[in-house]
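**Student:** Per this note's numbering: the sequence shown = residues 5 to 588.
Don't read these hints as lab results, they were simulated from the structure.
Mixed in with the good hints there might be a few duds.
[To be verified] Straight-line C-alpha distance at most 35 Å; calculated DSBU-like pairs for lysine-lysine:
1. Lys45 - Lys228
2. Lys343 - Lys135
3. Lys200 - Lys157
4. Lys336 - Lys218
5. Lys218 - Lys200
6. Lys228 - Lys336
7. Lys135 - Lys41
8. Lys343 - Lys285
9. Lys285 - Lys336
10. Lys135 - Lys45
11. Lys285 - Lys407
12. Lys200 - Lys285
13. Lys521 - Lys587
14. Lys343 - Lys362
15. Lys329 - Lys587
16. Lys362 - Lys329
17. Lys200 - Lys336
18. Lys486 - Lys228
19. Lys218 - Lys45
20. Lys486 - Lys329
21. Lys218 - Lys135
22. Lys157 - Lys41
23. Lys343 - Lys407
24. Lys135 - Lys157
25. Lys228 - Lys218
26. Lys336 - Lys587
27. Lys336 - Lys362
28. Lys285 - Lys329
29. Lys362 - Lys218
30. Lys228 - Lys157
31. Lys49 - Lys407
32. Lys285 - Lys135
33. Lys228 - Lys285
34. Lys218 - Lys285
35. Lys200 - Lys135
36. Lys343 - Lys157
37. Lys587 - Lys486
38. Lys157 - Lys45
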Amino acid sequence: MSPQSRTGTMLADVTGLRRDLDILAASEGDVRGSGLKAALKSHVKLVLRTAREAAEERLMRDGQGRACAERLSALEDELIRVLADFAVRHIAGAENPSTSERMAIVAVGGYGRGTLAPGSDIDLLFLLPYKQTGVTETVVETVLYTLWDCGQKVGHATRSIDECIRLARSDFTIRTAILEARLVWGESELFDQLVKRFDAEVAFGTGPEFVAAKLAEREERHRKSGQSRYLVEPNVKDGKGGQRDLQTLYWIGKYLYRVRRTEDLVTAGMIDASELSRFRKCEEFQWRVRCHLHFLSGRAEERLSFDVQRALAQRMGFVARAGQKDVERFMKQYFLVAKAVGDLTRIFAATLEARHLKPAPLLSRIVERFGRRTRATTSVPGYPDYRLLNGRLTFRSDDVPQKDPVHFIRMFAASSTLGVPLHPDTLTLSTRLLRLIDPIRQNPEANRLFLEVLCARQDPETTLRTMNESGVLGRFIPDFGKIVAMMQFNMYHHYTVDEHLLRCIGILAAIESGRLKEDHPLAADLIRSISNRRALYVALFLHDVAKGRPEDHSLAGAELASRLCPRFGLTPAETETVVWLVKE
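My request is simple: use the sequences and hints to build the entire structure.
**Tutor:** Structure below.
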């Protein structure tokens, strides 16, 4: 059967359900009786099971995650329409409802976007013009109880338009839910009135507060699920770089500019065409993972735990390659997508800040270092090509790094030395111009500056991680780029290989500064006797850089170290030490 006919079959099943229920109601003497309710439940369960099996079968065949989510949502739409019509005609007996008996069933939240993962909640708003009547109560009960009896998770609210507007003003969760509202059944005029009043009475003029609330919500979500996007058992929905982060970007764009489609974000100037392409690819991959994960686990499981990763990799068609298992290749793709979501979030943040829709961060460190300054833009003593914009370091003009690409490394060194974060615009420009880094890999000044960052006395981990997030680190050191987002499928590592290396540098710096003396007293004492700290830092940075290769990673890493150390400017003696440390 062709994919098109399979989709038609799913909806045809619901059409057949409508016919069967009409026949069933005509044959029943008491339409409110338990026999009809049991038959209703049985019919709906069968249709749901058949349609879901068809959806999973097609997902396995075509691998289209978003299309699967859209098909499941369309199925739910048709099912709700059948149930609502059945309630009105056969149970309430109200073929021509009065004005007070009008209502609309509205999909909100994730369901409102027209997408559903197999185990997702179905969020419904039963919208009334005034208060509830006998007819509207019958529709609500028939839809809800039937769906519940069939094992579906349904979140619901029954409200008038006035109640929706009042609650949306004070509750950002409700505000976000209505933002995604979509009419499924009932009075379109009632729904249109809700949308118009929401735009005029809730959304208008409140963009900055909505942005602040969504970004704060994002931070709290990350705190609960783990601050790193490189945890080896990530939460695909709520984790850092997960689906909710991508949805947050769309919510912000929709709230500020009333966009209806993802491509409208380009028209609004939030992203460009290439970033829209990345957005869609990330979204498609995340839907594919979530749909497979829900089908595989039989529930709304969102965590990619070790016990499902391999089966998921095989379902999604990943195969082993030299030095890497199928599951490791799948998880690397997952983490690369999570990183791309981080890139898109940074671009959004820079655009919002430039348009004064997002406040710049507090500048306490800048005030301490450079004195009290009230101007948004200031010069940076000793760095004529740079400036401070709202307390973050950036290029004086975009052509600075294009004229001399060494600035792509110098900028990070300056950020580290000054203790000043980089402006999002700078990181976005770096990401977009990564190709300019290739010719400076052997540049002595660029390598000296990189070594300065790696061996910095104060928090080298943060600067290195920013370099990695922007793509500069992997482009400047291609061997490091190969292990970006790479996971090791064992119980001994909690992070990807690149994240593991950066955290190692952070711990070493903390030991050296004395911040971990209480936890590691012996190491804190011994490190004072180290005669060559930069050899130690380079060795730690390179110790796992050859992971994922067919040969022993220690031997391969030693070979890489013998090539990279002279490039970094280490002496022959230092190189020998680093090679020995990596090998042994």
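**Student:** Among the hints numbered above, which are violated by the structure, and what are their numbers in rising order?
**Tutor:** Structure breaks hints 1, 2, 16, 17, 19, 31 and 32.
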